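**Student:** Starting from the known structure of chain C, arrange chain Y on it as the hints suggest.
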Amino acid sequence: MLQRLISSREALLLGAIAVLLALIATRFPGFIAPGNLAHVFNDTSPLILLAIGQMIVILTKCIDLSVAANLALTGMVVAMINVSFPGVPVAVILAVALALGTLMGMVNGLLVWKLQIPPIVVTLGTMTIFRGIIFLISDGKWVNSHEMSEGFKAFPRAELLGLPMLSWVALVAVAVFAVVMTRTRLGRAFYAVGGNPHAAVYTGLDVGRTQFWAFTISGALAGITGYLWVSRYAVAYVDIAGGFELDVVAACVIGGISIAGGVGTVGGALLGALFLGVIKNALPVVDISPFWQLAISGAAIIIAVAVNARAARVKGRIILKSAEQAA
Amino acid sequence: MLMHFQADQAPADQAHAAGTPVLALEGITKAFPGVKALDGVSLRLYSGEVTALVGENGAGKSTVVKTLTGIYQPDGGAILVDGAPVQFPTAQDAARSGVTAIHQETVLFDELSVAENIFLGHAPRWRFGLIDWRSMQARAGEILRGIGAEIDPATRLRDLGIANKHLVAIARALSVDARVVIMDEPTAALSHKEIEELYELVEKLKAQGKAILFISHKFDEIFRIADRYTVFRDGQFIGDGLISEIDEAALVKMMVGRDVSQVFPDRQSAPGEEVLQVVGYSHPTEFDEIGFSLKRGEILGFYGLVGAGRSEFMQALFGITRPSKGVTKIEGELAVVRSPAEAIAQGIVYVPEDRGQQGAITAMPIFQNVTLPSLGRTSRRGFLKLAEEFRLAREYTERLDLRAASLDTPVGSLSGGNQQKVVIAKWLATKPRVIILDEPTKGIDIGSKAAVHEFMAELAAQGLAVIMVSSEIPEILGMSDRVIVMREGRIAAELEGDDLTPETLVRHAAGI
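Just so you know, the protein sequences line up as chains C and Y, in that order. All the letters of the first sequence, read from the start, carry residue numbers 1 to 327 under this note's numbering. All the letters of the second sequence, read from the start, carry residue numbers 1001 to 1512 under this note's numbering.
Some clues are possibly wrong.
Here are the simulated DSS-like cross-link-like pairs (lysine-lysine), alpha carbons at most 30 Å apart as the crow flies [unchecked claim]: (1) C:LYS114 to Y:LYS1325; (2) Y:LYS1329 to Y:LYS1295; (3) Y:LYS1325 to C:LYS61; (4) Y:LYS1431 to Y:LYS1449; (5) Y:LYS1253 to Y:LYS1329.
For the chain C half of the interface with chain Y, some residues (derived, Cβ under 8 Å), not all of them [unchecked claim]: (6) ARG183; (7) THR184; (8) ARG185; (9) LEU186; (10) ARG188; (11) TYR191; (12) ALA192; (13) GLY195; (14) ALA199; (15) VAL201; (16) TYR202; (17) THR203; (18) GLY204; (19) GLY262; (20) VAL285; (21) SER289.
No lab work stands behind these hints: they were computed from the structure. These numbers come from a predicted model, not from an experiment. C-beta: ideal position from N, C-alpha, C; glycine also.
In isolation and in its complexed conformation, chain C is listed as follows (with noise of 0.2 Å):
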């Protein structure tokens, strides 16, 4: 059991974490200080969002290149709704926000489902399109900073227990779909759909309607995260969270979430989202260039992928059976 929990995916990425804290805090010590750790983790908590909603989607043997332009499209809209009607308490902004990024996960997950498109196709279209209706919505014009009610700016911000609200949010994400994933049918679908979608068949699951709530799921999460980066950052346009997919996707493969599907945890999501945001918080203060530091997060993509490629192949069937019982 020991051996089990050590030789984990998940525990080997929090190995690695710790291993490159302590790297950086050779050259910068006040890295590691807790203040400025709950810093980092308040930073990634958008990664970490997207990142479990894409998580789900990858366990089905699906893809969601959409994530950051749902993101996107729901901060303009909250955004602009703020602007239009400042008194919108922040409950209804969140509600709102919470249902158009569902409703665009289910646009997702209906062409998948219904008309059988691949999904790295459907997502790839909806993408630009989200992108499009900013740009149609907006006239391509910033909402900044001064259009914003105070109200609508200070929710992510606003500390309970000591942590910013942007930080309970990941936490309770992470909460929550961990229950999702381990205690529910759903999350049981989600990895047998992922894991033999022709075997799953055969159980009664219906793999279309498992990968449409994948795709639902994700653009919910995305949508929250989208009034959460809109607020945060206090600005909304065309291009924020531009190319952001990529890192959410990243994120999930070092968590050990296999492409192929079938195979991942929250906790990987989490770690993977942790380990990209620790590079992208520590390259800058040990003064490292920008450049390195594309580098360094494609250089750990690779590895993760080696790494689990090879955890796979040791997993082939044991046909000794003397191997069997030391196993």
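**Tutor:** Using the frame of chain C, we list chain Y on its own:
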């Protein structure tokens, strides 16, 4: 009439008036873990003659083809080309010796041109290894004309119909200066007219002096185009001779007349009241007017050749596909089965043929695999009750005597036999009334086969109604109370009691 029923006897020498065989197998043995696929078989192919290789599913025909084409290496015996021993370590070596095969499912590339498909891997070249497109096109055209095919070599393969694709596959086989052409069930996908054209082609190839190995289940076609026959049974050589000296009945007898090597459980079958009634199940392209009834405690066998529509019908019965017409009644009540979930709810479960692809979810732990179709009972309002899951999984894995370190172990790390037990436990845990087993012992060793048969008998004894789809005659005969034979999507016969003999099964399945 020359016939040899003894496995160890050499092929009849008197029949070999045609001289030295172009290609011969002598005493070839090939074993896979747990199975002896070929046990000292011999096969001789002569220039300008068609030899039909006859045998049931599992007789070793495919293994012989793979041995001849360099895909498998024999464990013992010799391959002779023009009487001289050779070895085919790779498929290229076999091709270089002039042995070429046209497979059941042709392996071609839709996006490439006809000429490219024909010469892929051995295209004529210029200096520096560049492909000589012009001479490739010209030679492709020559070969196609040679087999009477009017196809432009520049056409993209995807634009051709299935019959023309088949001709391209044949052209490809001939493009390597073939001396021996192996045709593995070449008519399976062809229409009546196309089959006639294929026969003409075979005649042409014969006239060109090629030796042809023709594998087919269809007796009419064997007697129409073959000059010689060779019979295999259970990986052993049974006999060979000239087609003109044998009739259908004798050939069938050689094919199936076995000494019963497998022991089946002794069953006191006492079928109870009717559980399942199927009336008029039809599908536009796959099956027509399938109807039968099934009783508690009964094992109903479904026999037929590969492609007779048995699995397709079972998938419709299980709700994976929809029939265009037809009614299912369970215990007299009309049952609506529009999806597998509804079938499971009605007490019908289906253990598919390809357990690797359609059975277990290998990355998942044992207990999750077992409870997957039963989650309705181990959850409340969508939330899983893990303790319930473990209890259910333990109950059924123990019943099947599954040995694993822990129910948390991923199924992928278990041996094949144990994976099979997980799949069966999964279905039993749903407490079914009707269980459909599709080729339950395909590809497993003799020992495990006996265990599966034992277990089926036990299920029936407990009052479960069992439908067993099988292509193995001994299994069908040894296990079934009643057998439905399907041919070309229709019920060809329903047999029980004394009518249930290997000969009647083969006759109805092949339509002779």
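**Student:** For every hint, state whether the structure bears it out.
**Tutor:** Hint by hint, here is what the structure shows:
Between the alpha carbons of LYS114 of chain C and LYS1325 of chain Y the distance comes to roughly 24 Å, so the proposed pair stays at or under 30 Å and holds. Note on LYS1329 of chain Y and LYS1295 of chain Y: the hinted pairing holds, with a Cα-Cα distance of about 12 Å set against a maximum of 30 Å. Of the supplied pair hints, the one linking LYS1325 of chain Y and LYS61 of chain C is violated, its CA atoms being roughly 34 Å apart against a limit of 30 Å. Pair hint LYS1431 of chain Y plus LYS1449 of chain Y holds up; C-alpha atoms about 23 Å apart against a cutoff of 30 Å.
Using a Cα cut-off of 30 Å, the hinted pair LYS1253 of chain Y and LYS1329 of chain Y is violated, with the two alpha carbons roughly 39 Å apart. Evaluation of the ARG183 of chain C hint against chain Y yields a held restraint, the C-beta minimum of about 5 Å falling below 8 Å. With its C-beta approaching chain Y no nearer than about 5 Å, THR184 of chain C sits inside the 8 Å limit, and its interface hint holds. Against a cut-off of 8 Å between C-beta atoms, the interface hint on ARG185 of chain C holds, since the closest Cβ of chain Y lies about 5 Å away.
Taking 8 Å as the C-beta contact cut-off toward chain Y, the hint placing LEU186 of chain C at the interface holds, the least distance being around 7 Å. For ARG188 of chain C, the interface hint holds, since its Cβ comes within 8 Å of a Cβ in chain Y; the closest pair sits about 7 Å apart. Here the hint on TYR191 of chain C is kept, as its CB sits about 6 Å from the closest CB of chain Y, short of 8 Å. Satisfaction of the interface hint for ALA192 of chain C is found here, the shortest Cβ-Cβ separation to chain Y being roughly 6 Å, below the 8 Å cut-off.
The closest approach between the C-beta of GLY195 of chain C and any C-beta of chain Y is roughly 4 Å, which is under the 8 Å cut-off, so the hint is satisfied. With its C-beta approaching chain Y no nearer than about 5 Å, ALA199 of chain C sits inside the 8 Å limit, and its interface hint holds. Using the Cβ-Cβ criterion of 8 Å, the hint placing VAL201 of chain C at the interface with chain Y is satisfied: the shortest such distance is roughly 6 Å. Restraint check, TYR202 of chain C versus chain Y: the minimum CB separation of about 6 Å is within 8 Å; hint holds.
Restraint check, THR203 of chain C versus chain Y: the minimum CB separation of about 4 Å is within 8 Å; hint holds. Of the supplied interface hints, the one on GLY204 of chain C holds, with its beta-carbon coming within about 4 Å of a beta-carbon of chain Y, less than 8 Å. For GLY262 of chain C, the interface hint holds, since its Cβ comes within 8 Å of a Cβ in chain Y; the closest pair sits about 5 Å apart. Taking 8 Å as the C-beta cut-off, the interface hint given for VAL285 of chain C is violated, the closest approach to chain Y being about 39 Å.
Annotation: interface hint on SER289 of chain C violated; nearest CB of chain Y at approximately 40 Å, more than 8 Å.
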